[in-house]
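Keeping the supplied structure of chain A fixed, place chain B upon it in accordance with the hints.
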Amino acid sequence: MPGPEQVAAAIEVLDPGALTTVQDTGRPGWAHLGVPRAGALDEPALRLANRLVGNQEAAAGLETTLTGAVVRLTRATSFAVTGARCDVHVDGRAVGWGATHAVRPGAEVRVGPAHEGVRTYVAVAGGIDLPSVLGSRSADLLSGLGPAPLRVGDLLPLGPPRRARHGSEAVPHPPRGILRIRLGPRADWFTTAALEALDGATYTVSAESNRIGLRLAGPVVARARDEELPTEGMVLGAVQVPPSGQPIVFLNDHPTTGGYPVVAVVVAEDLPVCAQARPGSSLTLRVVR
Amino acid sequence: MQVRRVGERALLVECADLGEVTATYAVLRDRQAELAVTDLVPAARTVLLDGVVDVESVAALLEGLPPQAGDLDPGPRRMVEIPVTYDGPDLAEVARQWSVEEAEVVRIHTTTEFVVAFCGFAPGFAYCTGLPDALAVRRRAEPRSRVPAGSVALAGEFASVYPSASPGGWQLIGSTAIPVWRPEAEPPALLEPGTTVRFRDAGT
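Chains as they are written, first to last, in the working numbering: chain A, 11 to 299; chain B, 54 to 257.
Only true hints are included.
Not everything, but these chain A residues come out facing chain B in the computed CB check (under 7 Å):
1) A41
2) L144
3) G194
4) P240
5) V245
Hint data in this document are derived by calculation from the structure and do not stem from the laboratory.
As the structure is a prediction and not an experimental result, all values here were calculated from the model.
C-beta atoms are modelled at their ideal positions from N, C-alpha and C, and glycine is treated no differently.
Just chain A, with the same shape it has in the complex (with noise of 0.2 Å):
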């Protein structure tokens, strides 16, 4: 057996849940040739996790889906997670969600079920090390670029540890159900009772929802014109509105182009709010200028 100075420092999946991605802050700047973003979806709990272990901010970490995921670190590292609030275990021993911790070569660490919310953020000390695709080592489940989707036994490099960081830092309250947007680009394409009844209105997350749009289910948001709009560059928090009348908000794996009408974009502070929506839940629409 090689030592431990001879293992290479990784992270090993054990479990990966529902679905356990890679994740940084994406790849902005390539929709012009149809290269869709990526990155965390809740893009503050990923920077949160990193700050605490020491890394860059947009250092590549693990992204959870409401079960959680199970890995072994083999070298002597730390790491914390934030993002949706679950059990922490090391070693199965109970430790604090979104907070730094240290631990030995060989490690299990496992990250519960989300207790609220849906996405659960790990970061390592050093960063996830992988190639990276068009400047980021993100997942994309629409287009494939990026790592697939962990599976059991894959195996993560770690970067070098940038600095020995050890403590916490206030963690955000959980995100509340209400969804601020902006009305337009395209909200003349809708009557004006349907853009007054935005306001105020409670729709529930569908089961539908993913990385790529997070689809609400609740009052139909009805069009005052028919004909087809031309396909059209769309960005991160679009509320696109297909002819079923029912939204979609465009989250980080959205297409950059679309042809149905984007009746408000969501205020981009709230775009957590979008990525810890649980399905089945409710979520309180709220116009602002």
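Same frame as chain A, but now just chain B:
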């Protein structure tokens, strides 16, 4: 130019037609660094500016610009030539839609100067314009579940090359061995917006 607000950090410039989109994109692309814009995304009738640092200033600047006429000389363009083997399963269907022989489909495809108007659908998938409206091609009634990478295709007023294998409803007239999408290359897409494209019969 008419400009629409898109949330806090983006603007949408409206254009009269694809020619104006291509001209507007060329002008904005030249000034992208100065405008401090992360993404410029041309599409069918619009150019999206996303990741705009100073939305108010850029909006004011754009609103003060005249529409960019499509017939203006956009300056030197990247030019690529793509050798095609015209063996596509839908070559006969396109000939039928155009009421010509298959050889005439090849002649039209190889003598038209195309320009990449925009990308979308998949990384590196280019929408190339140049066909006259009268030669718009209807899509297949049943999309294929898998179209091979390198398939040369037509749909509507557009020509394209599938950059990777994917489902698709375009009519396939041939194939090329030239990769149009290589994420590790610079630029990663052979057919960037604004590129002039000529298809050549690889069999001649």
